[in-house]
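Trainee: Counted the way my numbering counts, the sequence shown spans residues 62 to 1329.
It is worth saying that the hints were derived from the structure and are not from the lab.
A couple of the hints might just be wrong.
No farther apart than 20 Å at their CA atoms in a straight line, the calculated lysine-lysine pairs in the PhoX-like style are these [claimed, not checked]:
| # | residue 1 | residue 2 |
| --- | --- | --- |
| 1 | K924 | K909 |
| 2 | K499 | K939 |
| 3 | K620 | K646 |
| 4 | K147 | K205 |
| 5 | K207 | K317 |
| 6 | K842 | K900 |
| 7 | K587 | K499 |
| 8 | K620 | K592 |
| 9 | K570 | K587 |
| 10 | K938 | K924 |
| 11 | K527 | K587 |
| 12 | K938 | K980 |
| 13 | K635 | K554 |
| 14 | K499 | K527 |
| 15 | K293 | K317 |
| 16 | K808 | K826 |
| 17 | K1053 | K1025 |
| 18 | K1053 | K996 |
| 19 | K570 | K530 |
| 20 | K779 | K747 |
| 21 | K520 | K592 |
| 22 | K359 | K395 |
| 23 | K520 | K499 |
| 24 | K938 | K826 |
| 25 | K527 | K779 |
A quick note: this is a predicted structure, and the numbers were derived from the prediction, not measured.
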Amino acid sequence: MMKKKSLCASRASLVLFLCQMISSLDVPLDSKLLEELSQPPTITQQSPKDYIVDPRENIVIQCEAKGKPPPSFSWTRNGTHFDIDKDAQVTMKPNSGTLVINIMNGGKAEAYEGVYQCTARNERGAAISNNIVIRPSRSPLWTKEKLEPNHVREGDSLVLHCRPPVGLPPPIIFWMDNAFQRLPQSERVSQGLNGDLYFSNVQPEDTREDYICYARFNHTQTIQQKQPISVKVFSTKPVTERQPVLLTPTGSTSTKVELRGNVLLLECIAAGLPTPVIRWIKEGGELPANRTFFENFKKTLKITDVSEADSGNYKCIARNTLGSAHHVISVTVKAAPYWITAPRNLVLSPGEHGNLICRANGNPKPDISWLANGVPIAIAPEDPSRKVDGDTIIFSHVQERSSAVYQCNASNEYGYLLANAFVNVLAEPPRILTPANKLYQVIADSPALLDCAYFGSPKPEIEWFKGVKGSILRGNEYVFHDNGTLEIPVAQKDSTGTYTCVARNELGKTQNEVQLEVKDPTMIIKQPEYKVIQRYGQVSFECIIKHDSTLSPTVIWLKDNDELPDDERFLVGKDNLTIMNVTDKDDGTYTCIVNTTLDSVSASAVLTVVAAPPTPAIIYARPNPPFDLELTGQLERSIELSWIPGDENNSPITSFVIEYEDGLHEPGVWHYQTEVPGTQTTVQLKLSPYVNYSFRVIAVNEIGRSQPSEPSEQYLTKSASPDENPSNVQGIGSEPDNLVITWESLKGFQSNGPGLQYKVSWRQKDVDDEWTSVIVANVSKYIVSGTPTFVPYEIKVQALNDLGYAPEPSVVIGHSGEDLPMVAPGNVQVFVINSTLAKVHWDPVPLKTVRGHLQGYKVYYWKVQSLSRRSRRHVEKKILTFRGNKTVGMLPGLEPYSSYKLNVRVVNGKGEGPASPDKLFRTPEGVPGSPSFLKITNPTLDSLTLEWGSPTHPNGVLTSYILKFQPINNTHELGPLVEIRIPANESSLILKNLNYSTRYKFYFNAQTSVGSGNQITEEAVTIMDEVQPLYPRIRNVTTAAAETYANISWEYEGPDHANFYVEYGVAGSKEDWKKEIVNGSRSFFVLKGLTPGTTYKVRVGAEGLSGFRSSEDVFETGPAMASRQVDIATQGWFIGLMCAVALLILILLIVCFIRRNKGGKYPVKEKEDAHADPEIQPMKEDDGTFGEYSDAEDHKPLKKGSRTPSDRTVKKEDSDDSLVDYGEGVNGQFNEDGSFIGQYSGKKEKEPAEGNESSEAPSPVNAMNSFV
């Protein structure tokens, strides 16, 4: 069964209508699709509900909407139709519903006050805007009044009233003096929320005659001033202290109503001496955390984003040393309507069901009302598919005429909400929106997601197939998503291929193919290793990688998870990182990160820097930094910098590098300015306008660069207009109907002044048009829309700032966007040159039909059929691209005697044009490939049997086979050559009348009517004796591979043969075989110095009178191990075990020594004496053997020896070439040095072999040394 990720299993009955949008369609946000589908209007932009306008400027009332077909617009004013054609001051923008009321040419804003509403309508419905209330702002003057001086006794309270004029919107109040300085405020003196100035108690310093209240009307950018108020404070002794009394609010209680979501402001200001301190509490609860703030010296309590839970009683307490006063404010939080569930657009198919839900809350509870196309639903035209149930409209069995726009209005006494939601009934056949032949690439063993974005009404069913004619995909290895995506949770290499997505509904069917490529993962086969290096030494880390051949990896090195230092000592190679002249700062962790477009791997190693050995007395070091930097001769565009050099530290200073910092545009970033010789300590520097310069100097000697000097003082140059224009101006269209103008912006110091902008100008080339210009800022791109397809444009971009324009820029030629070519090349002709090469010719397409930059032509060609085999195979199309306006091309690498097809397409920057009709051609016969095999069997005294296979690539009709052979004598000289022609239908041949015990070399090839193909060779030997033939051969070649070495073993049959060799090479490589000579007649060998994680081929051979080789074997070395491995010799358990073994050996040696001193013999010696062989004699030390020994020989060193049977012969099973004597035959294990590890089974001891690779009889000492 398919896996299906969905919220609802099937289309449900009316009971399930409460599941919003249960059967509705999701329309993808595909621009092309949206342009084609019919859609009711949707309001996209409108002015705010309460719109206060500047009476001095034109009034713009916004109303934008989208729909298909594009909607028309109309307006109402104060509930009646607003005929804009009758008012010369009112215009509507083209293709828009936005109104522009011309006030600046004689109109009066007050005449256009009122409530406006916009309607956008097309054939599928009508959407309406909010009620937009237009009110001009007002900033009235202060009323004339006579203000008497305020005479106040010291310590009394005082309130200075502001009483600003009522404006729209209300003004911002602040108090200042005659010098336009804000009056200081404190816990004692502060401004209330109503704008009045409150004194808890007055002091003599409060006496002044210029207390002035200002009202700022932001909308009109005007400030109104009240007449100055005079305050005179007179003193009486003593000053009487008073307990707190509240100045505002008055009384013991008050009420406050605030709306949900607003900011609640509560105020308490008290009189008293000493000045009272204010504290706030909420009765029966806590002040809300994170939303509570205290302002105006805690006289104002501010709670943001209030909700119904913030209702309650808030108490302010004013306290000083004489007592307290309090006031309780009862707060009620009401709420204008707010959405719980706003209605959403509904797209249905004919006959489907759905619903619109409109749920809102508020305090008091809002009333819900519905409109259809802007008309109350009660008086709207009836629709049998519609049923209104309170806040829900239920639709059943809809038809296309059911399309409409519905409005939901939720309102209470504090406001209203209005939402448009359309019902769009569509009947559309399936469409697949995913681009055709889209390529997906993933790494093996990771998920693959193949998209099939679709749309249709009714909703289509989606099926996936692999291959063009594959069966439908099912099973647990696939996951099918509701949006059409096919997921392969674990993609394998065999998942690569073409996948077909099929979408069908009752109106039609469509399909699309996508391609999946599964890549091999990226691996680090040689990781960086832990390093310890002396200071000033050189160190290198390796990072060798293996990756998919079609991916391009990038290697990044990090130090301590950050970028490598910007230091020339760090050299990054292809496979390594080298650090020269290592210092203590280089100590840390170095990480190699390998990135491809699909995956990333990393490996790390630690570098430890240790002290270097003592250095000579003379120390050569980098110079000390310069000091005492001084700026003189300041001009607008130049300045002189001087400095004093630091100590050169035994290495002369060769130069000074001057750098600058622009503190205005790029503080903290230093740039190169210039470099002067080491003998110079002053320099004249060129400057740019509008730059805040600081300079520093760096000294350089042969050892390196000094630390930078301390920065100089800053110098700010004056502003000027720009000296230069943006560079790299280009005009390239991204779509067929646009022109994208890009440029490289000026750097900060190139701006020469504040307010940097760009004037972008363009006009169509070779057309008598005026320049079109725009001025933009903070961007480096501008898109011109609505251009013709691929036409040349003249473009220029000019810089400007607050001081003026840069010089006139040069004109650049660009082109608007390209589109795909329209026609295919014609008159395609193919001329076959030979069996593997053809020439194709075509007529060029007219340049006007290219619709873009002609990049060339692509020839698609593919093999249809091999004429020799008459069998079809998977079609693999090949592509050859011919740049420019070429009309002829060569097709190499064709297979002889085959049928091909091709077509030609023109290519521009957008893509490929249509293909020409397929052209069929055939290649003639060619010479055949080599026979697939040649096998020689059944050797006798005078005959050999040859068997062969026909060529894999016959390249034509085979006419015959040619066999040539000649004998080879003992000196490897070749005898006379004999040639035999064999019919093409034969596959074997018995060669008779050959010489006995003779080696022959055979040459075999196939022929067609064109000629002979490549030959294969083989050698074979006739036997010497019919009764006991000897077949010298090497068989059962086996390998046991580790990371960097491999043990090779084999079995040898035949006469004595001592000169073995091993040949090996990288599998699949064309390099020559590498050869290693085997010492002695052993039948095993160790290959060392191999590369980890690499596949090798190996074979064993023998040199001599009749040289021969084994068949090939293939093995793979193990992957690279981690750079830091645990050494077994440092493990506690191993040290303990070795100590126990050493102690046991010491005890055994002591016991043996005691017994020998007593004249005794070893147990082995006694056993041998009991079965003495008279022919066994002690041998000389230089024989490499040792015999038996007794008490008389105790003074002699132990000598090696071996025993042989009494008949002095060696049987075959005792041969030196066999590994059986060493343990359990060829199935044993090898140490890294090639020694064999097996059970000692009492076999006869082997004679010593040459070199260090001999296997000795086990002894206690050897046992301990070879334990690991």
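Trainee: Regarding the pair K938 and K924, is the alpha-carbon distance no greater than 20 Å?
Mentor: The hint holds at about 8 Å.
Trainee: Taking 20 Å as the top limit, are the C-alpha atoms of K570 and K587 close enough?
Mentor: Since the Cα atoms of K570 and K587 sit roughly 54 Å apart, the hinted pair is violated (cutoff 20 Å).
Trainee: When you check the alpha-carbon spacing of K779 and K747, does it fall within 20 Å?
Mentor: 14 Å, holds
Trainee: With a cut-off of 20 Å on the C-alpha distance, tell me whether K587 and K499 pass.
Mentor: 36 Å, violated
Trainee: Next pair to validate is K499 with K527; report whether the Cα-Cα distance is within 20 Å.
Mentor: 15 Å, holds
Trainee: If you draw a straight line from the CA of K527 to the CA of K779, is it 20 Å or shorter?
Mentor: 70 Å, violated
Trainee: Just to be careful, I want the Cα atoms of K527 and K587 compared with a cutoff of 20 Å; is the pair within it?
Mentor: 38 Å, violated
Trainee: Holds or violated: are the alpha carbons of K1053 and K1025 at most 20 Å from each other?
Mentor: 14 Å, holds
Trainee: So if I understand the rule, the pair passes when the alpha-carbon distance is 20 Å or less; does K520 with K499 pass?
Mentor: 23 Å, violated
Trainee: Would the pair K620 and K592 pass a check requiring their Cα atoms to be no farther apart than 20 Å?
Mentor: 14 Å, holds
Trainee: Within a Cα-Cα threshold of 20 Å, do K938 and K826 meet the stated pairing?
Mentor: With Cα atoms ~42 Å apart, K938 and K826 exceed 20 Å; violated.
Trainee: Keeping to a limit of 20 Å between CA atoms, is the pair of K842 and K900 held or broken?
Mentor: 46 Å, violated
The structure fails to meet hints 1, 4, 5, 6, 7, 9, 11, 13, 15, 16, 21, 22, 23, 24, 25 from the earlier list, while all remaining hints are met.
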